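**Student:** Sequences and hints are given; from them, build the entire structure.
Listed below, chain by chain, are the residues.
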Amino acid sequence: MSPHVRVALVAATSALAMLVLWGPSPPSSRANGERDEETGGHAHVPAPLEYADAHVPPSVWTDPAMIARGREIYTARCAVCHGDSGDGRGPAGQALPLKPPDFRDRAGVAEMRDNYWFWRVSEGGQVEPFKGRGSAMPPWKGELSVEDRWAVMAYQHTFSGHDGPHVPWEHPESVAVGRDIYAMACLACHGADGRGDGSVGPMLSPRRAPQPRDFTGAEFKFRSTPSGQLPTTADLFRTVTEGIRSPGGPMTIGLHGHRIMPAFRHMPEEQRLEVVEYVKSLNRGFWDRTGVRSVVVPPPPPATAERLARGRQLYADAECLACHGAGGRGDGPSAPTLRDSRGLPIAATDLTRPERFKNGRRPDDVYRTLMTGLAGTPMPSYADALDPDQAWDLVHFVLSLSDARRAADGHTTPAPPGEGGSR
Amino acid sequence: MRAVLAGLGVGLISLGSPVAADEAPIAGTVKAVDMAARTLTLRTSAGGKTREVVVHLGPGVRIVRFVRAGEPGKGGFVEQPLALTDLRAGWVVSVEARHEGHREVAERVTVVIER
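As they're listed, the protein sequences go chains A and B. Each residue of the first sequence is one higher than the one before, counting from 239 in the numbering used here. Each residue of the second sequence is one higher than the one before, counting from 995 in the numbering used here.
Source of the hints: derived by calculation from the structure; they are not laboratory data.
In silico DSS-like cross-links for lysine-lysine, where the CA-CA straight-line distance does not exceed 30 Å:
hint, chain 1, residue 1, chain 2, residue 2
1, B, 1025, A, 379
2, B, 1043, A, 369
3, B, 1043, B, 1025
4, A, 369, B, 1025
5, A, 337, A, 369
Pair by pair, the computed Cβ-Cβ distance ranges are:
hint, chain 1, residue 1, chain 2, residue 2, range
6, B, 1074, A, 431, 49 to 59 Å
7, B, 1029, A, 281, 37 to 47 Å
8, A, 385, B, 1077, 35 to 45 Å
9, A, 465, B, 1069, 51 to 61 Å
10, B, 1029, A, 310, 33 to 43 Å
11, B, 1031, A, 310, 33 to 43 Å
12, B, 1061, A, 402, 32 to 42 Å
13, B, 1065, A, 288, 32 to 42 Å
Far from chain A, by Cβ distances over 12 Å, these chain B residues were calculated:
hint, residue
14, 1026
15, 1029
16, 1052
17, 1054
18, 1079
19, 1083
Remember, it's a predicted structure, so these values are computed and weren't measured experimentally. The beta carbon of each residue, even a glycine, is placed where N, CA and C say it ideally should be.
**Tutor:** Structure below.
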């Protein structure tokens, strides 16, 4: 046999082998579905913020009545695709380009967070990234109540063989990505266990407040939730994104625009959501609460002279000046005696410098601070003392204090962006 | 050397050939059923985009759904044939189709969700 013939035979054999191997795994469809998505299309991305607080009460997962209720619904509505045994091989599911997941996959189920799972059942394949992957999963939020969806999840969970509650402290792998980010970006200040006892934290503000947050406790300063409650996931996400401004400590003297906690807005959103999910996993209170209610911030009315005058009066009546001082410079008569809940001295905020407001300088931020208070600090919530209209009057007055300061300091123009001002 | 390159070329050409390129099903929501034209218009998503696909139903098309063999909610599933007139807008279906020119011609339509 000549060399040419041998080469031709080898080439032909190779081509034939490729065709044989390719047969059972055809290439992507032109309409939807991609071959690799049959196994990889169920990426456990973080649930969006509107679903991030939708945690399932831990007792649901092991409640026999809920599991029985879930079985009934699952058998009637889900099994045709997901299979009676949860193997993802229901007869209708086999016809789909993106195959249903196998709930018997213990590791795969363990990676799914409860809020992700609830989001998937609620919205089905109508949301990204699943929509773009050709998921045919219908949304069930219109047909199944919240409790029905929990029940279905509890029954699906039984296929995995795990007999405890489906929570992060049972499945650390569900927050592994966030844990890794935390270790790199947060641990130095907040500590290995999230108790706010990292080695660097105290150096930012020695023997004074603020100190890094103890995530395992009940006190979270920056919230949209009423006083005494844990923050929403969106609150935590906002803090991670925007950081916390401060006059600075000994390590940061002279750094313009210093934040005592860095802003992580340049970190990809998905990673910020992952680290927030990890932070929540350190505090079981996020799973024990029933319902999450945020303070509603109504649209701001215009800052008229009358409103500013009313705000000035409220500032006096509500005794804001006792701590913040008549001119708002944080030099009220009580200011030297203020301590936080850890017993550490804490400064009254200089209201003439909105750029240093820890909870944000936008009017909405100031309104939220007034109505929720700052847990663990002497700043109380005024939600029971002020109606929304009064709160806005006070917000307008507080934000006008920086203009007053600038005028007193000899400036004739309004504060530039990022340096306060009432606008 | 030329022979080796030719061999590699044959292999690469075969790798890029469109054998079985149309076998993945099309899943989507039925937007419209045209009895006269015997077509289904599906709203389907792929690659981050939503688009409409018109599927032609040939005379040999098989339309099926799955129902429980026993009393409701119990027993295994059995295939139940349907007529084109049974299909409704809003249902989720999966279609196995083949290319015929620029048309998608359904060979089998599986009803996934009726709603």
